[in-house]
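Novice: One line per chain: the protein sequences are A and B, in this order. Under numbering that gives the first Met the number 0, the first sequence has 144 at position 145, and the numbering climbs by one with no breaks. Under numbering that gives the first Met the number 0, the second sequence has 171 at position 172, and the numbering climbs by one with no breaks.
Incorrect hints may appear among the rest.
[As the list claims (entries may be wrong)] Reference excerpt, derived from the structure (chain B facing chain A, CB under 7 Å, subset only):
1) Glu312
2) Tyr313
3) Arg314
4) Ala317
5) Asp323
6) Ile327
No wet-lab data here; the hints were simulated from the structure. Glycine included, every Cβ here is placed at the ideal spot set by N, Cα and C.
Next come the chains, spelled out residue by residue.
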Amino acid sequence: MAELDLKEIGVRGVNAALQASPVGSNEQDWLINNPMGQHAIACGLDAPLKVKIAGHVGFYCGGMNQQAAITIQGHAGVGVAENMMSGQVWVTGSASDSAGATAHGGLLVIEGNASSRCGISMKGIDIVVGGSVGHMSGFMAQSGHLVVCGDAGDALGDSIYEAILFLRGKVSSLGADCIEKEMRPEHLVKLAELLDAAGIDKNPASFRRYGSARALYNFDIDNVDAY
Amino acid sequence: MAGGIVTTPTRFGWVLVIAHNSSFAAVAALPAPLLSMHAEDTTMCGIVGLYLKDRTLQASLGALFAPMLIEMTDRGPDSAGFAIYRDPVGENQTKFTLACDDPETDWQALDTDMEKALACNARMDVQGDHAVVVTDAAAMAAQAWLAESRPLVRIVGSGRSIEIFKQTGLPKDVAEQFKLASAKGSHAIGHTRMATESAVTTAGSHPFATGLDLCLVHNGSLSNHNHLRRKLERDGIVFQTENDTEVAAGFMTWELRQGRSLHQALEAGLMELDGFYTFCVGTADGFAVVRDPIACKHAVLAETESWVAMATEYRAIAHLPGADAARIWEPEPHRIYTWGHVH
Numbered sequence: 000m001a002e003l004d005l006k007e008i009g010v011r012g013v014n015a016a017l018q019a020s021p022v023g024s025n026e027q028d029w030l031i032n033n034p035m036g037q038h039a040i041a042c043g044l045d046a047p048l049k050v051k052i053a054g055h056v057g058f059y060c061g062g063m064n065q066q067a068a069i070t071i072q073g074h075a076g077v078g079v080a081e082n083m084m085s086g087q088v089w090v091t092g093s094a095s096d097s098a099g100a101t102a103h104g105g106l107l108v109i110e111g112n113a114s115s116r117c118g119i120s121m122k123g124i125d126i127v128v129g130g131s132v133g134h135m136s137g138f139m140a141q142s143g144h145l146v147v148c149g150d151a152g153d154a155l156g157d158s159i160y161e162a163i164l165f166l167r168g169k170v171s172s173l174g175a176d177c178i179e180k181e182m183r184p185e186h187l188v189k190l191a192e193l194l195d196a197a198g199i200d201k202n203p204a205s206f207r208r209y210g211s212a213r214a215l216y217n218f219d220i221d222n223v224d225a226y
Numbered sequence: 000m001a002g003g004i005v006t007t008p009t010r011f012g013w014v015l016v017i018a019h020n021s022s023f024a025a026v027a028a029l030p031a032p033l034l035s036m037h038a039e040d041t042t043m044c045g046i047v048g049l050y051l052k053d054r055t056l057q058a059s060l061g062a063l064f065a066p067m068l069i070e071m072t073d074r075g076p077d078s079a080g081f082a083i084y085r086d087p088v089g090e091n092q093t094k095f096t097l098a099c100d101d102p103e104t105d106w107q108a109l110d111t112d113m114e115k116a117l118a119c120n121a122r123m124d125v126q127g128d129h130a131v132v133v134t135d136a137a138a139m140a141a142q143a144w145l146a147e148s149r150p151l152v153r154i155v156g157s158g159r160s161i162e163i164f165k166q167t168g169l170p171k172d173v174a175e176q177f178k179l180a181s182a183k184g185s186h187a188i189g190h191t192r193m194a195t196e197s198a199v200t201t202a203g204s205h206p207f208a209t210g211l212d213l214c215l216v217h218n219g220s221l222s223n224h225n226h227l228r229r230k231l232e233r234d235g236i237v238f239q240t241e242n243d244t245e246v247a248a249g250f251m252t253w254e255l256r257q258g259r260s261l262h263q264a265l266e267a268g269l270m271e272l273d274g275f276y277t278f279c280v281g282t283a284d285g286f287a288v289v290r291d292p293i294a295c296k297h298a299v300l301a302e303t304e305s306w307v308a309m310a311t312e313y314r315a316i317a318h319l320p321g322a323d324a325a326r327i328w329e330p331e332p333h334r335i336y337t338w339g340h341v342h
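Between the sequences and the hints, there should be enough to build the whole structure, so can you do that?
Specialist: Here is the structure:
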């Protein structure tokens with residue numbers, strides 16, 4: 000395992016080293032020490048690396064990730080794994096707002112809580128949160144899955160498109176056009192798969208599914224005041 | 000406004016915004032007109048707070064706190080300020096922090112004149128262009144005398160333990176000017192400013208005093224500050240600047256004067272102040288943190304056995320002893336967090 004000291008070489012040094020890692024080389028396992036809450040650590044990776052970050056990170060950690068498996072041993076700041084395309088980002092602590100924002104693919108696991116706007120505008124990512132999520136989570140979520148083992152704050156799934164939300168706890172309130180939907184067998188299968196991937200031992204049948212009522216898909220003159 | 004964003008399906012406006020800002024989800028949550036109006040300050044200004052639970056750390060308050068302030072330089076390079084709580088004065092004394100833009104200010108003469116005019120004792124400690132005066136004169140009489148005989152001198156803070164220092168310039172220069180790194184004390188809050196709503200001046204810098212031993216720092220922008228300022232001016236609150244945060248401070252001052260507790264005043268603030276904000280309020284024995292209902296102004300809290308810290312970004316906290324193992328969380332919107340005895 001190759002080690003990098005962020006305090007010594009800075010964020011640019013760390014990211015340059017990770018991004019330059021040759022495909023198929025032995026340098027696939029990385030440990031980043033002293034992250035010091037800095038922003039944009041391990042961003043823009045595009046190789047099947049394993050990156051472990053020993054400590055709390057700042058904003059946008061693992062942003063735009065492709066292929067790499069990034070583990071944050073601690074708290075993640077705003078926008079963790081934002082715009083991820085593939086691969087995996089795993090947070091052992093909690094995450095600040097907009098976790099997994101606009102991400103197209105891959106798996107984001109947050110063992111603790113995620114703050115507001117978790118999965119905002121998600122476009123295909125799967126997000127599993129061991130704890131609860133804050134207000135406006137799944138806002139305008141377009142596709143992918145958001146699994147929440149705890150509770151959800153206000154306006155869950157506001158203006159949601161075709162993303163699927165699974166919630167085990169209580170929801171403070173549902174956002175516009177978000178409704179509870181029937182949990183069909185294929186949903187239980189998918190949910191079991193996601194919980195398994197996140198190493199969470201919970202019965203899929205104890206979750207409820209939420210999604211779009213599709214009432215805002217087409218222009219309706221009765222809604223004109225709302226636009 | 001807050002409720003409008005949460006519940007109104009203005010989908011088509013938002014789609015457009017997101018298409019152009021796919022990496023900034025917090026910004027994407029705003030409708031287009033707000034985005035253009037507040038684009039620069041949706042990410043800027045830095046606030047920090049540190050409360051020492053372990054009294055043995057009090058000798059190094061400044062040494063721990065100064066790097067927090069300086070780490071937030073990227074968020075606010077225009078000016079910086081901090082309130083430090085230390086050396087509480089006696090029951091019958093008041094500590095004033097004064098500032099004057101005139102570099103020729105004769106602080107010693109002020110001290111002598113004040114003693115003579117009010118038949119009191121006054122002890123003066125000059126720090127940069129600020130001076131801390133401890134006097135046994137009645138607080139109201141001292142204020143009235145200052146306003147009358149030294150109209151250019153501003154009272155920056157007052158109470159029994161609070162001292163407030165603020166100045167334009169880089170946070171590291173401000174910290175140095177007021178010898179922050181060597182300061183001892185129980186707790187401190189600070190601010191690095193990137194001005195958006197009013198001019199870059201010392202008077203427009205944070206913290207703003209809101210009453211005895213109370214002050215406020217703010218990250219964000221208020222949209223109804225002109226309306227509130229006019230209302231508060233009618234109620235007798237005097238403002239020194241055009242700054243929006245000063246209005247929030249004035250609002251708090253007015254609420255507290257009505258006999259409300261700090262908690263009640265903050266609750267009233269959540270109802271009346273419209274805009275984006277994370278506030279940190281310094282009190283005689285701790286601090287409070289509150290965020291608006293949308294909560295897109297960043298904030299993070301960290302707590303260990305020895306201290307509680309608040310910052311706009313965790314990197315300002317990362318250097319504190321034991322931060323790696325601290326409990327770290329993001330304060331929830333519309334909820335008042337307090338440390339110390341806040342009533």
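Novice: Take the hints in turn and mark each one as holding or not.
Specialist: Here is what the structure says about each hint:
1. Glu312: Since the shortest Cβ distance to chain A is 6 Å, the answer is holds.
2. Tyr313: Nearest chain A Cβ about 4 Å off; hint holds.
3. Arg314: Holds. Min distance 4 Å.
4. Ala317: Cβ of alanine 317/B sits 4 Å from chain A, so the hint holds.
5. Asp323: Holds: closest Cβ of chain A sits about 6 Å from aspartate 323/B, inside 7 Å.
6. Ile327: holds (4 Å)
Hint violations for this structure: none, all hints satisfied.
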